[in-house]
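Colleague: Protein chains in written order, with our numbering: chain A, 1 to 515; chain B, 516 to 848.
FYI, nobody ran anything at the bench for these hints, they're computed from the structure.
The structure displayed is predicted, hence computed values, not measured ones.
Idealized CB from N, CA, C, for every residue including glycine.
Honestly, I wouldn't trust all of these hints.
[What the hints assert, rightly or not] Here are the in silico distance ranges between beta carbons for each label pair:
#1 B:675 - A:382: 45 to 51 Å
#2 B:713 - A:327: 45 to 51 Å
#3 A:120 - B:703: 55 to 61 Å
#4 B:824 - A:397: 52 to 58 Å
#5 A:401 - B:649: 34 to 40 Å
#6 B:774 - A:159: 47 to 53 Å
#7 B:569 - A:405: 52 to 58 Å
#8 B:649 - A:198: 20 to 26 Å
[As the list claims (entries may be wrong)] Below, computed lysine to aspartate or glutamate pairings styled on EDC-like, alpha-carbon distance capped at 16 Å:
#9 A:175 - A:118
#10 A:43 - A:239
#11 A:358 - B:728
#12 A:204 - A:17
#13 A:240 - A:219
#14 A:205 - A:142
#15 A:341 - B:728
#16 A:205 - A:17
#17 A:204 - A:18
#18 A:358 - B:729
#19 A:341 - B:729
#20 B:610 - B:621
#21 B:714 - A:18
#22 A:410 - A:393
#23 A:92 - A:118
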Amino acid sequence: MSTTPVHNQDLLESPDEEILRVESLRKHFGGVKALQGVNFSLKRGEVHALVGENGAGKSTLIKILTGVHSMDGGKIFLNGSEYQPENPRQAKAQGMQVVHQEFNLLTHLSVAENICFEAFPKTRLGLLDRNEMNRRARAAMEAIGLSDVNVSDSISQWGIAYRQLVEIARALQSKSQILILDEPTATLTDRETDKLFQIIDTIKKQGVTVVFVSHHLNEVFSICDRVTVFRSGESIITEKIADTTPEKVVSHMVGKHLELEMAHNFEAHELGEIALSADRLRVPQSPHESGVSFELRYGEVLGIAGLVGAGRTELLRSLFGVQQIASGCLLRDQSEVVFKKPRDAIDAGIGFVTEDRKEEGLILDMSIAENSSLASIEQVSSAGLMQIGRENELARKNGEVLKLKYGQLKDNVSSLSGGNQQKVVLAKWIARQPEVLLLDEPTRGVDVGAKAEIYSILRSLAREGKALLVVSSEMPELITLCDRILVLADHQIKGELAPDEFSQERILQLAYKGN
Amino acid sequence: MTATNVKVNGAAKSSRFSFKAIIRDAGIGLALIGLIVIFSLSSEHFLAANNITNILTQITINLILAVGLTFVILIAGIDLSVGSVLAFAAVVAGKAITLPGLGPTEAIMLAVMAALLAGTLCGLLNGLISAYWGLPSFIITLGMLNIARGGALHISEAQTIYSFPEQFNDFGSASIFGIPVVFIVALVLVGIAWFVLHKTVFGRMIYGIGNNEEAVRLAGHPVFWYKVAAFTICGLTAGVAAIVYMARLNISSPIAGIGFELNAIAAVIIGGTSLMGGRGSIQGTLLGAFIIGVLANGLILIGLNDFMRQMITGLVIIVAVVLDHYREKYTKV
Chain A
1 MSTTPVHNQD
11 LLESPDEEIL
21 RVESLRKHFG
31 GVKALQGVNF
41 SLKRGEVHAL
51 VGENGAGKST
61 LIKILTGVHS
71 MDGGKIFLNG
81 SEYQPENPRQ
91 AKAQGMQVVH
101 QEFNLLTHLS
111 VAENICFEAF
121 PKTRLGLLDR
131 NEMNRRARAA
141 MEAIGLSDVN
151 VSDSISQWGI
161 AYRQLVEIAR
171 ALQSKSQILI
181 LDEPTATLTD
191 RETDKLFQII
201 DTIKKQGVTV
211 VFVSHHLNEV
221 FSICDRVTVF
231 RSGESIITEK
241 IADTTPEKVV
251 SHMVGKHLEL
261 EMAHNFEAHE
271 LGEIALSADR
281 LRVPQSPHES
291 GVSFELRYGE
301 VLGIAGLVGA
311 GRTELLRSLF
321 GVQQIASGCL
331 LRDQSEVVFK
341 KPRDAIDAGI
351 GFVTEDRKEE
361 GLILDMSIAE
371 NSSLASIEQV
381 SSAGLMQIGR
391 ENELARKNGE
401 VLKLKYGQLK
411 DNVSSLSGGN
421 QQKVVLAKWI
431 ARQPEVLLLD
441 EPTRGVDVGA
451 KAEIYSILRS
461 LAREGKALLV
471 VSSEMPELIT
481 LCDRILVLAD
491 HQIKGELAPD
501 EFSQERILQL
511 AYKGN
Chain B
516 MTATNVKVNG
526 AAKSSRFSFK
536 AIIRDAGIGL
546 ALIGLIVIFS
556 LSSEHFLAAN
566 NITNILTQIT
576 INLILAVGLT
586 FVILIAGIDL
596 SVGSVLAFAA
606 VVAGKAITLP
616 GLGPTEAIML
626 AVMAALLAGT
636 LCGLLNGLIS
646 AYWGLPSFII
656 TLGMLNIARG
666 GALHISEAQT
676 IYSFPEQFND
686 FGSASIFGIP
696 VVFIVALVLV
706 GIAWFVLHKT
716 VFGRMIYGIG
726 NNEEAVRLAG
736 HPVFWYKVAA
746 FTICGLTAGV
756 AAIVYMARLN
766 ISSPIAGIGF
776 ELNAIAAVII
786 GGTSLMGGRG
796 SIQGTLLGAF
806 IIGVLANGLI
816 LIGLNDFMRQ
826 MITGLVIIVA
836 VVLDHYREKY
846 TKV
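Go ahead and model the full structure; you've got the sequences and the hints to work with.
Modeller: Here it is, written out as structure tokens:
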């Protein structure tokens, strides 16, 4: 089996031939509808972009195409016959290859070993045929235009960018009709991105169809032939790149009707003194010397919008002392503070509702009461002894404030719904009565009803004079909740919006400006 | 897409979980009762008063070591060094107790202090090193296993130390209503450990760290020191076990305690504490130590030789871990 592209002939014969067609594809996870009727098609040899906000359904579609998830309804046709892979292996066997955002390489093995990992060549004795393996690996790398590579080198010596290219070479090395690149440029520099684009061009000429998932519209417009826009689990429109503009694409992503639904429905109110401010604060991951500067006042809900990878979570983690800042300074009540560990931030009256409640927020095997008191254990203990009565009282009181729905306080938090779990995370911090509350994706995986309740809790905290900093990927959430929105892209603040300027389009324009 | 995070129908699941929890906790006790019934039916000696005293004496050291190990395993750590630390503490204490010119009471006091100090120190080092560098405690305590054993051999010049004060040996062989005093000491330790794990902030943090270290850290707690403390407690119990060892056998041997760590770990695991941390109990450890002790005693009484006994004990460990796997599976879903 030599290198790939199998259908050069077909391509020449019928350049507009449809290779894949997806019809009203549906998929739900529990009660959440991830895909509700997706239609789209791919032509042989085209580069087709999938765009949409986080959670619009792109990843779910890819996972169904590559056999990771099964579909709940609808049909997929590959080369005219029905296609329903049961697992990733079957998908690969039919020429559906994917390069994920997270790498699937074996760090300590060589380039050649990584490329041939799915099917090692063997000698007649059943041993690894190293020469054949290296030959195949060289051929695979040459196919994407990288001929000056020593395939015996360990992958670990390579940078992120080249690792990605190795993944592409591996994907293409077996029979490939469709290559899906999921956010391939997220971690690449401009020069590396150019290299990637050259490679996409090469493989496109070989007749492989490329699906390009990206948040970066400028890239979409520079290499893609067509674009399909996703929104809330639906495919909105497919357009030829030549017939559209980035502005049109953004407005499809946002959707006009949505904009009417969400309203910034509270009155302007007096803000207090500056509670927390950052001055040229730079997180270690940021490539920019200048860092970010902002001020957060008591009584204010300040939103931070931005795409995945814009540096939002890193910023919050630095503000809370989870990771050290690289340069710049942080001021609490207008005097400089250095947080070496979360305890320092907590002692300065800051709370942090983390992004991932399962990994960082909750102790799933522990009870509602035990989780509620985790950050304020000194309130419910004396001389190192737990005061269970006081703990239950605290949990009961905060549960009431947060309208928490539960069976018993001693039930494990894992028994609660997502929304109620998130309320327990909030309860944990509210128990400390922090002056400043940092929130990372405060309503992720939470149903609409619980969302509204969480919003009203957060607004009432602000009315009480607390300062809130909210990071969210959901623009309607920020628009509903915030007094002011900062848009972050590439670890820099690209713009600041006042309530009368709030709109998804405006946020997205600024968010995409970073690239 | 985080849709997979969404959980539905929580109430039904929680009641199922607690039902399972009852079965699970009772399960170990039922297994122990089953063993006792089987052995008492197959051998008339099994329930004889002196045999019961025997069993209690035999499980004492393992139980004491297992109490300390429960703390370490609850934070998803492991301590392989307890057997060697026992020998090291015993040798240090043996040197102290045989110092010339001491009265019996002074000598015993000094020996007890020395053993506790030596054990605590070893545990403290295990904890400091593995927590500071975030290294697997498996490797660090494997190192300590060799260091402590080498230390014991070096200090004692590979000689057994003996001729301790008589009162010391009296303590080791004393019993109240057929219950060995040393076993009562072990039970007191179990009681203290239960209190610490369930009634104190420290105990809460031990379970919390085992379940989700990051959540505990982000809530502002000094995870590092809690981890160090767990290992230090484990070292301390190895020191206590060393004292019991000396009092029972009236000697300090540098080759004492070889392989004891494995029996103690087995007791903790059979008792239902998860090697992944965060889940388990000291009551379980008590039952686990009993199961190992009853098996060892009963299998010999019914005429199996020591090699077969060892094979069956091994089998029980494997069965316990397989059951642990299913527990994890059912409760995590």
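Colleague: Against each hint, give a clear statement of whether it holds in the structure.
Modeller: Each hint, compared with the structure:
1. Checking the proposed 45 to 51 Å range against residue 675 (chain B) and residue 382 (chain A) shows it holds: the Cβ atoms sit about 49 Å from each other.
2. In this structure the hint that residue 713 (chain B) and residue 327 (chain A) lie 45 to 51 Å apart at CB holds, the actual value being about 46 Å.
3. At roughly 60 Å, the beta carbons of residue 120 (chain A) and residue 703 (chain B) sit within the given window of 55 to 61 Å.
4. Between residue 824 (chain B) and residue 397 (chain A) the Cβ separation comes to about 56 Å, which falls inside the hinted range of 52 to 58 Å.
5. Against the hinted window of 34 to 40 Å, the Cβ-Cβ separation of residue 401 (chain A) and residue 649 (chain B) comes to about 38 Å, which satisfies the hint.
6. The given range of 47 to 53 Å is respected by residue 774 (chain B) and residue 159 (chain A), whose C-beta atoms sit roughly 49 Å from each other.
7. The beta-carbon spacing between residue 569 (chain B) and residue 405 (chain A), approximately 56 Å, falls within the hinted interval of 52 to 58 Å.
8. For residue 649 (chain B) and residue 198 (chain A), the hinted distance range of 20 to 26 Å is not satisfied, since their beta carbons lie about 42 Å from each other.
9. Simply put, residue 175 (chain A) and residue 118 (chain A) have alpha-carbon atoms about 12 Å apart, close enough for the 16 Å limit, and the pair holds.
10. This hinted pair checks out: residue 43 (chain A) and residue 239 (chain A) have alpha carbons roughly 13 Å apart, not beyond 16 Å.
11. The hinted pair formed by residue 358 (chain A) and residue 728 (chain B) meets the criterion: a straight-line CA distance of about 12 Å does not exceed 16 Å.
12. With a CA separation close to 14 Å, the supplied pair residue 204 (chain A) and residue 17 (chain A) stays within the 16 Å bound.
13. Taking the CA atoms of residue 240 (chain A) and residue 219 (chain A), the gap is near 15 Å; set against the 16 Å cutoff, the hint holds.
14. Of the pairs offered as hints, the one joining residue 205 (chain A) and residue 142 (chain A) holds, with about 15 Å between alpha carbons and a cut-off of 16 Å not exceeded.
15. Only pairs whose Cα atoms come within 16 Å are accepted, and residue 341 (chain A) paired with residue 728 (chain B) is accepted, the gap being roughly 14 Å.
16. In summary, the hint linking residue 205 (chain A) to residue 17 (chain A) is supported, as the alpha carbons are separated by about 15 Å, within the 16 Å threshold.
17. Taking the CA atoms of residue 204 (chain A) and residue 18 (chain A), the gap is near 15 Å; set against the 16 Å cutoff, the hint holds.
18. Distance hint between residue 358 (chain A) and residue 729 (chain B) is fulfilled; the C-alpha atoms sit about 10 Å from each other, no more than 16 Å.
19. Only pairs whose Cα atoms come within 16 Å are accepted, and residue 341 (chain A) paired with residue 729 (chain B) is accepted, the gap being roughly 12 Å.
20. A C-alpha spacing of about 13 Å is found between residue 610 (chain B) and residue 621 (chain B), which places the hinted pair at or below 16 Å, so the restraint holds.
21. At most 16 Å may separate the alpha-carbon atoms for a hinted pair to count; residue 714 (chain B) and residue 18 (chain A) exceed this at roughly 68 Å.
22. Restraint check for residue 410 (chain A) and residue 393 (chain A): the C-alpha separation of about 12 Å stays at or below 16 Å, so the hint holds.
23. Restraint check: the Cα-Cα separation between residue 92 (chain A) and residue 118 (chain A) comes to about 10 Å, which is no more than 16 Å; the hinted pair holds.
Comparing the model with each earlier hint shows violations of hints 8 and 21; every other hint is respected.
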